[in-house]
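Participant: For reference, the chains in residue letters:
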Amino acid sequence: MQTSIQSSIALILLRNFNKKKGGFMMAIDYSKEIGSAKVEQQYVYESGNEMAAYAAQQINYHVMGYFPISPSTEVAQFLDLTKTTGQHDIKLIPSDGEHSSAGICYGASTAGGRVFNATSAQGYMYMLEQMPVQSGTRLPMVMNLVCRSISGPLNIHGDHSDLYFALNTGWPILMCRDPQAVYDMNIMALKLAEDPEVRLPVMVASDGYFTSHQKRRVQTFMHREDVMKFVGEQPPAGFPHTLDREQPISIGPYMNEPDYINNRYQMSEAMYKAGAVFERIAKEYGDLTGRYYPTLDLYRMEDAEVAVFLMNSASEIIKDVVDQLRAEGIKAGSISPNIIRPFPQKQIANALKNVKAITVGDRGDSTGGHGGNMVNELKAALFTHGNHTTQVISRIYGLGGKEFYAEDGHHFFQLAIEAAKSGEVAVPFDFYGHHPGESDKTPIRLLKPLKFEDLKTGLIEIDKDELTGKLRVKVPPMRSLVKKPKRLTPGHGACPGCGIFSGLELFFKGIEGDIVTLFHTGCAYVVSTGYPHSSHKGTFIHNLFQNGAATLSGVVEMFWERKRRGELDDLGLKDDFTFVMVTGDGGMDIGMGPAIGAALRNHRMIILEYDNEGYMNTGAQLSYSTPKGHRTSTSGVGKTQQGKGSHHKDTPQIMAATNIPYVFTGTEAHPQDLVKKAAKAWWYAQNEGLVYGKILSACPLNWMAEDNAGTSLVGTAVDSCFFPLYEVELGITTITYDPEAKSQKVELTEWLKRMGKTRHLLKPENEAILKSFQDEVERRWSRLKIKHAHPEL
Amino acid sequence: MGGLPLVNKLGFYEIRLEAIGGMGANLAGKMLAEAGVNGSGLNGVSFSSYGSEKKGSPVKAHIRFCELTTQIRDTSSVEHPHMVGIFHEALAKTVHVTSGIGPDSIVLVNSTKAPSQLMALLDMQGGKIAAIDATGIALKEKNRVNMAMLGALFKICPFLDPQAMKDIVTKSLGAKYPQAIESAHRTFDRGYEEVVFEQFTLEDNGPLLDFKHSNISSLGYENQPIGGMITNPGGNYLKDLSISRSGMIPSYDPESCINCAGCDNVCPDMCFVWEERTDRKGRSQIFLQGIDYQYCKGCLKCVQACPTSALSSIKEKEGYADKYSVKHRFDLAAQF
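Line by line, the protein sequences give chains W and U. Going by UniProt numbering, the first residue of the first sequence is number 1, and it counts up by one from there. Going by UniProt numbering, the first residue of the second sequence is number 1, and it counts up by one from there.
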């Protein structure tokens, strides 16, 4: 990623940078080099993600439903950027998670138009169940898989483990070795998907970071008309869709035996046909552009005796190694598929006819399968086609972004050379690039666990008012609370001025005793747990982005159940834990379902949201909590749009509607208020059930403000009534700080003018958007005041 | 402009930029690469280090240039750069910024120090060192460090056309910030003009430094706890974040401190160190002892929060943080 910060800065700067070049990118006039193209081409200097976006822009898909995940996020960002400047009109739909993005794409594809998506890794896994449905119901679309590791512990870097999950989904899969291929395959993919003989969704797979984020010179069609001529202005006619009232259809019926196997057979047939159709399309494309994509990319294989099989970016690096070995007189060659579904079995067997030994590198393991998916499919190809002589060596390499250097390629060839010589494979399957570690560096505990008596200070007094049923809390001056140790160590990698940890630590001051935390994926998680270190002094859990509330409810119930069975008696626990789930506003989008589920089950736990108004960890994309008009990397400011189009999500009210015992809002600008609410949260989570709280948390970087401005920015957000401080305790709403009553209320513009992400809203031409935002803030504030005044509301 | 002065065996002139997230090295790398590819008739590839590194964390940008006819296949990081551009001198404290340089490499450092001092700082045995006070120029010209660094980088890369770069600046700032063009150009020019070089002879022509891949960890499959679990949490306290500061630092004056904890409430990095002792009336109280600058990223939120003049922001002078740092006392489980 460059998920993060750099990319967001770069993007912001790029907005101006690229725009001024009069278009998406600057073309280079190297026309003399573009020899054999029949239609006019141009050179650009861009990355794989930019090329995927550029192809989509030229095709002008109807709909893209997407959800940010590194390293594919940029595809949607670039499309938002070019949409903002009016270069295409693809309907970009920011979904609430990949499951939804795949759902949006599915729905859109039933309705007959052209559909596009891009995702990676865990995002792909989250949408996985939609994939065989898309193919099984034979609805074409194109999706880019920007390959990244599937993992826990979380790895955001590149390998093919996500791709390997795609092998059984019924999608033809095109492979991209470099940004040029990303562009070309994206154009061919649509034609392949829509071919009447195929009618399957097609995946375009490129290597995360190695290809997605590296800029290269890439040839493209100069004119989108030529692209459209190639793919067709419209999808082929004659296929039913859901928008024709005269020809109603039923999609996705209930189908059991004896019919289902026939549906699968049709799909299987279509898939194998896709191999031949791809060859036809690739030839047509090559004749048009001069860029040919044979089914197999064979490099110096004519007389090769030893070979290496790799996919995508590494398969380019190996060609340099082949050249070096050839210079030494070794008959080396490399082989790499441009399409792996359907698997080019016959072509591979053919290419290896005279090869004595081949090393197959799989950038993803099929754990327990004695090799990755590719080596086993390659062996099956040899067996099926009667080749019993070629020695095959299997190595798992390059996992989780581990780089593949030319020297690694030499090692792979060395293995093949040895096998060719000896006629046998010494170690048929192994990992390559793993290492044992230094035995004297075994982890030892560094810090003693926090002392219970330091955490259970008695500084915070809390009791229940029997009359009102509400809690009374007494909190000492903040100075006294400094005595309580912080729950996290310094040394985390958050940006300067980040508001997350100051807010969290203030909240934790209100909790007495031990805490077990679960952090959703997001900035706070990533910067505090970079292996092998962590900033968490107490017990900490991370699970999937969206699944924290469910996960922590499991921990909570296991705690109570094991305690009830007496299994924790030996641990000397002095008190019950307080269970706290920490999430960003992004985690509350994708994890809204599990959060509501946990709330409705009313587990004794706290869900604490730090809301910084965007997906800052992946480079500042819009979240549903991003307010209207605010600029993010997927809600740009330009000719055709002025920031986010819809209003911010009112998560506290959504959670209050689940009738949990306690809901609150807070900021670090009102520390006493926040600590009091934390104390109540602690009590309710110990005694009654689920608590939800939202802390507005400044992100100076992506709010485009000074590093030192965070506290005062969230303070002004409160004073402008954008972010009212209140609580809903046992269903009764109380405003805990009323800027009107304190004569502190300021205009919303006082807040907006201090952030680069909102300054455009003060321009006269954006008056209507500003007014709409002001009205919404005022409407929500007024309603809150009425609730405050009427306990029964 | 001429051809590439040096190339490796695959035909590449390789550049690595070492910086802190937020300094604009990513953008500088991008502009540098585009100036080569779009403006100087070269082929090239460029990328930045990827990850969840936040602003203030060490980052790298990698650029490879070659002739138009050279095949680009290598997508791995630049490990043996012909030029290293170090945007922040203090990076050398925690990052092996000169990793993989050879006898012909040039190391450019943003620094007020002379090349000979830098050679000692970077622990180099010899070679070519260039120095430019990019921060000073940027402050003076009210522009960005990356622009001054770019100027110096262009001077070192005679095959790049500085005019092409300035045209890119003009175009990209163009309509929106025309007032910024002049200062950007001036900053670039000063970087170009003011960079100084020195060549130090390398004894016995050996390697400048031992090279090893930077991606090897001391924990491996034999000693990494299974499941990726961290069994010794809290270890982030070992990190030194002082390189995240970009010039300013909070200064603490205990005389005017009222111990309100306002600073502690807002500090994102747990930098404030407190102690319990008796006050003048003999009551046990909490007092602010000082700041542990090892973790201070220089955001200065604390200065904003301080209701008195106890905290103020000052320009960080060399040695200040070490001198005035009050260290956290961690409750260690093991003796080291």
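Possibly wrong hints are sitting among the right ones.
To be verified - With beta-carbon atoms standing in for the labels, derived distance ranges:
{"hint": "1", "chain 1": "U", "residue 1": "A120", "chain 2": "W", "residue 2": "T640", "range": "52 to 60 Å"}
{"hint": "2", "chain 1": "U", "residue 1": "A333", "chain 2": "W", "residue 2": "D570", "range": "15 to 23 Å"}
{"hint": "3", "chain 1": "U", "residue 1": "A333", "chain 2": "W", "residue 2": "S439", "range": "45 to 53 Å"}
{"hint": "4", "chain 1": "W", "residue 1": "Y254", "chain 2": "U", "residue 2": "I216", "range": "34 to 42 Å"}
{"hint": "5", "chain 1": "U", "residue 1": "S284", "chain 2": "W", "residue 2": "L730", "range": "32 to 40 Å"}
{"hint": "6", "chain 1": "U", "residue 1": "L68", "chain 2": "W", "residue 2": "T242", "range": "17 to 25 Å"}
{"hint": "7", "chain 1": "U", "residue 1": "E222", "chain 2": "W", "residue 2": "P240", "range": "42 to 50 Å"}
{"hint": "8", "chain 1": "W", "residue 1": "R280", "chain 2": "U", "residue 2": "L68", "range": "26 to 34 Å"}
{"hint": "9", "chain 1": "U", "residue 1": "L68", "chain 2": "W", "residue 2": "I444", "range": "49 to 57 Å"}
{"hint": "10", "chain 1": "U", "residue 1": "A120", "chain 2": "W", "residue 2": "D89", "range": "57 to 65 Å"}
{"hint": "11", "chain 1": "W", "residue 1": "S772", "chain 2": "U", "residue 2": "Y177", "range": "22 to 30 Å"}
{"hint": "12", "chain 1": "W", "residue 1": "G593", "chain 2": "U", "residue 2": "G220", "range": "33 to 41 Å"}
Claimed, not checked - Taking lysine-lysine and the DSS-like style, the derived pairs with C-alpha atoms no more than 30 Å apart in a straight line are:
{"hint": "13", "chain 1": "U", "residue 1": "K176", "chain 2": "W", "residue 2": "K753"}
{"hint": "14", "chain 1": "U", "residue 1": "K171", "chain 2": "W", "residue 2": "K639"}
{"hint": "15", "chain 1": "W", "residue 1": "K753", "chain 2": "U", "residue 2": "K281"}
{"hint": "16", "chain 1": "U", "residue 1": "K9", "chain 2": "W", "residue 2": "K753"}
{"hint": "17", "chain 1": "U", "residue 1": "K281", "chain 2": "W", "residue 2": "K474"}
{"hint": "18", "chain 1": "W", "residue 1": "K448", "chain 2": "W", "residue 2": "K283"}
Simulated from the structure, these hints should not be mistaken for lab results. Because the structure is a prediction, the values reported are computed rather than measured. We treat Cβ as the ideally placed atom computed from N, Cα and C, and that holds for glycine.
Participant: Decide, hint by hint, whether the structure agrees.
Facilitator: A quick look at each hint next to the structure:
Taking 52 to 60 Å as the suggested C-beta distance range, the pair U/A120 and W/T640 conforms, at roughly 56 Å. Our hint of 15 to 23 Å for U/A333 and W/D570 holds, since their Cβ atoms are close to 21 Å apart. Judged by the Cβ atoms, the range 45 to 53 Å given for U/A333 and W/S439 is violated: they are separated by roughly 20 Å. Range check, W/Y254 to U/I216: Cβ separation about 55 Å, and the 34 to 42 Å hint is violated.
Range check, U/S284 to W/L730: Cβ separation about 38 Å, and the 32 to 40 Å hint holds. Distance hint for U/L68 and W/T242: a CB-CB separation of about 50 Å, inconsistent with the stated range 17 to 25 Å. For U/E222 and W/P240, the hinted distance range of 42 to 50 Å is not satisfied, since their beta carbons lie about 60 Å from each other. In this structure, W/R280 and U/L68 meet the distance hint of 26 to 34 Å, their C-beta atoms being roughly 32 Å apart.
A beta carbon spacing of about 55 Å between U/L68 and W/I444 agrees with the range 49 to 57 Å that was offered as a hint. In this structure the supplied range 57 to 65 Å holds for U/A120 paired with W/D89, their Cβ-Cβ distance being about 60 Å. Between W/S772 and U/Y177, the C-beta spacing of about 29 Å keeps the proposed range 22 to 30 Å intact. Range check, W/G593 to U/G220: about 39 Å between beta-carbon atoms, so the 33 to 41 Å window is met.
For the suggested pair U/K176 and W/K753, the alpha carbons sit about 18 Å apart, so the restraint of at most 30 Å is met. Annotation: proposed proximity of U/K171 to W/K639 holds, straight-line Cα distance about 18 Å (limit 30 Å). For the hint pairing W/K753 with U/K281, the CA-to-CA distance comes to about 47 Å; that exceeds 30 Å, so the pair is violated. For the hint pairing U/K9 with W/K753, the CA-to-CA distance comes to about 54 Å; that exceeds 30 Å, so the pair is violated.
A distance of roughly 24 Å separates the Cα atoms of U/K281 and W/K474; the hinted pair therefore holds under the 30 Å criterion. Restraint check for W/K448 and W/K283: not satisfied, since their Cα atoms lie roughly 66 Å apart, outside the 30 Å limit.
The structure fails to meet hints 3, 4, 6, 7, 15, 16, 18 from the earlier list, while all remaining hints are met.
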